[in-house]
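Kindly generate the complete structure, drawing on both the sequences and the hints.
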Amino acid sequence: MDAKSPLSLTTYPISSEQFDACLSNTQDIRPGWAPLNEWVKSVGASGLSACEKQLQRLIRDNGATFTVEEDQEQQVRPWKLAPLPMVIDADAWTPLERGLQQRTRLLEAVLSDLLGDQTLIRDGVVPPDLLWANPAFARDFVGLPVATDSQDRRQRLEITGTDLTRTSRGQWLVVGDRTRAPSGLGYLLENRITTSQVHSQLVRQCNVRRVARFFLKLRSRLQDLAPRMRGNPRIALLTPGPKSYRYFEDAYLARYLGFTLVQGSDLAVRGERLNLKTLGGLLPVEVLWRHVSDRKCDPLELDPTSREGVTGLLRTVRDQSVSIVNAIGSELAQMPALAPFLPAAAKHFWGEELDLPNAETYWCGNEQKLSHVLANFEEFLLRDAFVVDRESPIDVRALPLDQQAYWRARLSENPQSFVAQRREQGWTTPVWEGEQVTTWNVSLRTFQVAAGEDVDVLPGGLARVGPTQDCLLGSPVSGHLTVDCWIADDCPTSGAITLLPAPDAAIEPQRGGDDLPSRVAEHLFWLGRYLERSEAIARLLRTTLKCLVGEEFELGQSSLPRLTAALASIGQLPPDCVIEGLGEAYPSLESMLPASVFSKDQPGSLQQALRSMVYNASAVRDRLSIDGYRILRQTAEELNSPPPVSGGVLGPALERLNQLITDLLAFSGLTSESMTRTYGWRFLQLGRRIERTHQTVELLSASLVPVSEPERLICEAVLESTDSVMTYHARYMNLVRPQLVLDLLVCDDTNPRSILYQLKRIDDAISRLPRAPAPASAGPDEDQESSRLLIEHLGQVNLDALDAAMNGRREALSQLLQFIGSGLPDLSDAIAAQFFFHTNPSQALTGASGDEFVI
Amino acid sequence: MNLSSENTNDQGEYSASTRYRVLHRTAYSYSTPVAMCQNQLKMTPRSRMGVELHASEVRISPCPDSSRIHTDYFGNEVTTFAIEALHDELVVEVESDLTILGSRNAQPESDPSWEELVADLKTPVRAGMLEVGEFTYPSPRIDWNDEIRSYALASFSTEASLAKAALDLTQRIFRDFKYDTTATHVGTSVREAFQLKAGVCQDFAQLQIACLRSLGLAASYVSGYLRTMPPPGKTKLIGADESHAWCSIYTGKQGGWLDLDPTNGCIVGQDHIPICFGRDYLDVSPMCGVAVGGGDPRLSISVDVSENPSLY
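Keeping their order, the protein sequence lines are chains D and A. Heads up, this note's numbering is the position in the first sequence plus 662, with the first residue counted as 1. Heads up, this note's numbering is the position in the second sequence plus 684, with the first residue counted as 1.
FYI, nobody ran anything at the bench for these hints, they're computed from the structure. Predicted model, so just to flag it, every value in this text is computed and none were measured. Every residue, glycine too, gets a C-beta built ideally from N, C-alpha and C. Worth double-checking, as some hints may not be accurate.
When the alpha-carbon atoms are kept at most 27 Å apart in a straight line, the in silico DSS-like pairs for lysine-lysine are as follows [said to hold, decoys possible]:
#	chain 1	residue 1	chain 2	residue 2
1	A	K806	D	K1031
2	A	K862	A	K881
3	D	K1009	A	K806
4	D	K958	D	K905
Just so you have them, the derived chain A footprint on chain D, three or more residues with Cβ under 8 Å [as the list claims (entries may be wrong)]:
#	segment
5	796 to 810
6	911 to 917
7	952 to 964
8	1264 to 1276
9	1375 to 1381
Just the calculated beta-carbon pair ranges, DEER-fashion [unchecked claim]:
#	chain 1	residue 1	chain 2	residue 2	range
10	A	S751	D	R917	47 to 57 Å
11	A	P824	D	A1071	49 to 59 Å
12	A	F758	D	N1076	37 to 47 Å
13	A	V809	D	E1040	29 to 39 Å
See below:
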């Protein structure tokens, strides 16, 4: 393409063998794309690039590209979002929608039959091997009661996904079904919300069908399945946890739909019910939308090694006291070996043809099909017949000859465990890549929510694109970019829908926050502690570095030994750094201190504190505001960015510390202004206050317990690293006296940096925590006793005595600090015992030990 | 009337009915208290071919906060219970009163050729064998290799009669494998046990099942007990006073299932009291559970089987 010709969607080259979403074989633009093409022409290359950047920024601000570990290669959000959406016009979409509705009903019927009367097997429609040779067919799936809705409809598959491709003539083909817990819905939602922000005008011009109605339907469907309290049931979304690629979208979906995001450890079966473990006690869960696999749902009856599920869950299912979505056992409906039998199943049940064909797929357990596959081996992709996993299928053509022979042998040896699917060409859609419009292969996943016969298809889908068909074959997170998929109507779509207003049922205002899961409380507590620890270390480091570069260098030197001692006592420097005299130590300090800002090895150091802070934040991301999370993400990004090449330079280290302190203060400000004073906030506060007390105790012990003249500079350094310089100078001008510094930092309960202030806040927070019945290990109110004792002790302090020094030491100060310092761990432990007790490990009892069960 | 086992011969070909009382006691004693436990029991016998259950009682201490009974896929009775109060000890006693009928395991009238049966089992829908077809497949604890298959074939290649060949295999396993409680553990695979040429009843049963399935036959795993006191003049069998396990082979529509005990090299007769039925040990494991806390638990199991004529 001539670089000077105007950018357009009609000029990029397409392949005659592949269907292109935007251009016909004759390079004519397809229906629905015209407004997009006009936009591309009007904004040109610079407009598209700007749009791409804007999308990146919005996605990043959502916290989607967040990583805790720098060496963790896998990004939490798998793809970038492409600036060009893919448009499918309503005329092409409607028949597909019908086909998907039929297929969804069919899969439900098939699953219900396989787990019930098995007429498909009795009448020879489906070979019994699909169950009997299937290692995923846990016999416990059979006979479980099925969730019932308000109209007494029983159903196993509420939410399904379908992976689609198109032939060169545009015919839709199904390449795979997802009936267990289809992933991608959260990313799709985020894609749509983000592109709507950037392309608000285009969305209107194209008459794009909104997806909100689908999510509304999904939510009301889940509510309708609640065994009790259908008006406002507690619905929990069970996620595998922060290490899973699904965690981001699970958190996103839970927040959008107003569900409680939980992990297995947040739930407990007690009193014949499934409950959420909260600070206020156990709260029943009515509906569990689970994103963990069938076998991992219950360690008692299914996989005993699972940590993702809930012990006893199957018992509550049998009691019908909770509805699981999708039903346990729904995994069977997505087995690849089922696809070739679906057309016959549609005839068997309803005498209908299957509207939406499968990609050509063979189950190799059939001898004729096996020989057909072996005779045309290179045309096929091999998949596990029974289980959908995240592995790529075996692409026979891409294998070296010896590997082909190996797979031939595997296939012949164990044919029933394989399906062969003919490799499809795939279809394409335009993307903006490398400063030009080009076409990439696309893979589309649609989503359906079913209520009996009534199936809603989400208008659009999660589209992944990549330069070749191969790069889309693998896991659900493969591909290079994701594309928002628009279904374009001829005329404007009716009425805007949002999930924000509640349905007609009245909801009582809630104030408490009793339903805070204990695990979340624990993470917030530690988030508070690491946040404060990071800030304290950063401030002290900055003060110390300034002594090295300051105008008053000569004087600054005198403070260095005590400041480095303080840094060592809080773990930022190795203990052997504590030096008495300066002399020969200075050159090494000049390089060691800045290096320690970036060092990841020293336990207890700034980097480690930041890492732990980010870890705890990411574990409770659904509890933090977007803004708060953005700040923490930025901190994490800086954490992961490489240190400056020349390690010994003070400048970059100071700069990094300044930025870090600003970020941490911003986050603190946000929590104090924006978080409701519920239990979550109190745990965050408790963590912060306990840690700040600890840090101040350590700082004062290292800096002001030993006396060595002149003390003005060390006092100023202490004031600076506790952010109390302004207060002090406002009160006392330039008269720096240790006694006054101690008053401000220890006894002044109006100074938010003083120890007494922290203890009073701790006491206050504890008195407002719920008094849930605690296990025997924690005595009642043990925690509050500890804080009261400390406060009482501080109330009796005599300032003159504190300042008094003998033999170069302030002995009274030392004793006071020691008393407080040793009381803090008890306080922290008492809180943990009272509120975080659920973390006790559980063990499996086999009824058999060692040589048990002998004979 | 005391219908004891005096008429039983070694092959169990014919005998009168015997009534038993079985007491199976499982006790966990914990080094630190357990805050919460959830357990599942498969210890209650059911009336089935050759077995008549009169009464069965499950006693659990401390008293469970909830308890449920359901029937599993294989028709076994499963008790699920939870204890939600702090406890140091868990005791489960299951007491059953049942009669092993004399008609049990009488030699089938028709003895099909095993090869015909294998052919039928390959087309279970057409042969009307849907109920047993799945017992020809590998299961979580049982699979096989060529070695195991050749070992099995040695009994079957020269013998057309299914029952005779299967009993021959049972006796060969009894002779060729050493009963050794230290050789294997609860998780030992069939292949390992085959290599070791040693094991306990669970290994022997699973091995014979693997052998039979490797030929395309349907075989299942049976958990149960053995008569404690031998009949007069007989030696006490291995595994008395303990839980026991054996295998069962499908002999066709007429003959149904035939139980074989490779640990003792015999056809199962009046001395064997079945509890549960499944594809392998995992389907019938008598007790499993999850406990919060408990430290290092100590487990003791006792089984008491007595003839119970007084109840007649």
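These are the hints, each one checked on the structure:
1. This hinted pair checks out: K806 of chain A and K1031 of chain D have alpha carbons roughly 18 Å apart, not beyond 27 Å.
2. Of the pairs offered as hints, the one joining K862 of chain A and K881 of chain A holds, with about 6 Å between alpha carbons and a cut-off of 27 Å not exceeded.
3. Distance hint between K1009 of chain D and K806 of chain A is fulfilled; the C-alpha atoms sit about 26 Å from each other, no more than 27 Å.
4. About 16 Å separates the Cα atoms of K958 of chain D and K905 of chain D, which keeps this hinted pair within 27 Å; it holds.
5. Only residues whose beta carbon comes within less than 8 Å of a beta carbon in chain A count, and the segment 796 to 810 of chain D has 5; three or more means the coverage holds.
6. Note: the segment 911 to 917 of chain D has 0 residues with beta-carbon separation from chain A under 8 Å; the three-residue rule is not met and the coverage is violated.
7. Chain A is given as covering the segment 952 to 964 of chain D, and this holds because 3 residues of the stretch bring a CB closer than 8 Å to a CB of that chain, at least three being needed.
8. Check result for the segment 1264 to 1276 of chain D against chain A: violated, 0 residues qualifying (beta carbon to beta carbon below 8 Å, three or more required).
9. Requiring three or more residues with a Cβ within less than 8 Å of a Cβ of chain A, the coverage given for the segment 1375 to 1381 of chain D is violated, as only 0 such residues are present.
10. For the pair S751 of chain A and R917 of chain D, the supplied restraint of 47 to 57 Å is violated, since their beta-carbon distance comes to about 39 Å.
11. Taken as a hint, the range 49 to 59 Å is violated for the pair P824 of chain A and A1071 of chain D, whose Cβ atoms sit roughly 25 Å apart.
12. Range check, F758 of chain A to N1076 of chain D: about 26 Å between beta-carbon atoms, so the 37 to 47 Å window is missed.
13. Judged by the Cβ atoms, the range 29 to 39 Å given for V809 of chain A and E1040 of chain D holds: they are separated by roughly 34 Å.
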